[in-house]
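Engineer: Listed here are the chains, written in short residue letters.
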Amino acid sequence: MVCSLVRGPFRRYFTLNLYMSMSFFVSLGRYLVFTRHGLLSPEYTYFYYYSDATLTICLYFALMGLYAIVFEELGAALKLRVFMMLLLIGTTLFSFSVVHQSEARMLTHYIVEISQNLYFVGLVLTYVLWAALLKLHESRVRVIQIVLSLGVYFSVNAANYALHNAYPNLRVVWEYLPPVTGMLLPVAWIYAFMRFDDEARLAPARLAVVPR
Amino acid sequence: MMAGLIFVFSLAAMMQFFVSYCRSLIAASARRALSLDVQDVVGITRSAKSEDFERVMQFLHLCPERREDRNGIQAIGAYFRLLGAVGKTLGKLIPSLRAWIESERSQCAYFAAVALDRRIAYSRDMLAEQMTA
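Going down the list, the sequences are from chains A and B.
One point on numbering: in numbering that gives the first Met the number 0, the residue at position 179 of the first sequence is 178, and numbering is uninterrupted.
One point on numbering: in numbering that gives the first Met the number 0, the residue at position 36 of the second sequence is 35, and numbering is uninterrupted.
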């Protein structure tokens with residue numbers, strides 16, 4: 000947030016700033032719950048997972064903002080926003096229906112299931128955005144780096160929650176990965192804002208793993 | 000089943016995004032020319048070789064760190080090692096992949112040389128500030 004204020008494009012990347020400010024308040028809330036109830040308490044567990052799902056939804060808004068930036072010249076931003084909101088609601092309902100049978104462990108199972116699905120849908124949407132960037136020859140370095148870092152973040156977390164869902168006993172992996180990946184977005188976004196201005200460009204075709 | 004599919008797809012997508020992200024970092028520094036001082040020190044003029052990477056990294060660790068480029072250098076270091084691991088396994092089976100990996104690794108070395116150039120300039124600026132203070 001501070002970097003985008005210093006460098007100017009605060010309003011242009013408003014949804015990214017919204018996510019970062021939410022992330023700050025969630026971290027503060029987690030710290031308060033942690034100091035009052037302890038790391039292994041149910042209060043902290045519930046707060047952690049539900050705040051994580053809330054942050055993921057904020058990240059959807061950030062993604063919508065990026066879609067709006069990329070598609071602003073085509074005038075299709077509003078339709079895309081409506082589509083993404085419907086997708087978000089659909090994902091939530093789908094996750095609820097999947098775990099509806101297992102009511103005994105409803106809340107804990109539901110939140111892992113919904114987090115896995117939310118991250119996965121986020122990953123698919125980021126993948127579509129990345130394909131659109133390549134197709135439209137979008138060359139702004141800052142936009143490219145923000146989208147790619149989002150892709151890495153969504154995919155690591157989707158894989159992590161899938162692992163959590165499939166192997167609940169494999170704590171050593173899925174418990175320690177989120178704190179590491181939590182650093183990824185702030186670091187990558189600070190780099191993108193501080194290193195490049197909004198008009199810095201590069202050829203996007205050079206970045207595709209499969210040459211175009 | 001569903002979790003397994005999501006896991007496999009996510010890992011594949013993560014590799015693709017990570018490679019593209021590292022290439023975006025490299026591409027941003029590829030157009031920058033090295034200063035004469037750095038060219039003399041590391042022996043790289045316009046293009047680097049993959050063998051230069053470790054040597055340039057040793058020089059980098061001798062310079063005072065800049066917070067802005069630390070994470071970029073770490074990401075490229077991880078990318079360089081990942082390419083090395085892929086080259087040692089799949090590269091033996093697919094010669095064209097080996098050539099691509101070699102080209103990518105040499106660009107990683109050039110990225111490190113550009114970072115070294117920035118760090119040297121930063122150290123000089125710091126020294127000049129101290130001298131005037």
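Worth flagging that the hints you see were computed from the coordinates, not collected in a lab.
On a predicted model such as this, the values are computed, not experimentally measured, just so you know.
We put the CB at the ideal spot given by N, CA and C, even for glycine.
Be aware that one or more of the hints could be misleading.
Stated by the list, open to error - One-sided and incomplete, this derived list gives chain A residues near chain B with beta-carbon spacing under 10 Å:
{"id": "1", "residue": "26"}
{"id": "2", "residue": "28"}
{"id": "3", "residue": "31"}
{"id": "4", "residue": "119"}
{"id": "5", "residue": "146"}
{"id": "6", "residue": "148"}
{"id": "7", "residue": "152"}
{"id": "8", "residue": "158"}
Engineer: Flag every earlier hint the structure violates by its number, smallest first.
Structural biologist: 1, 2, 3
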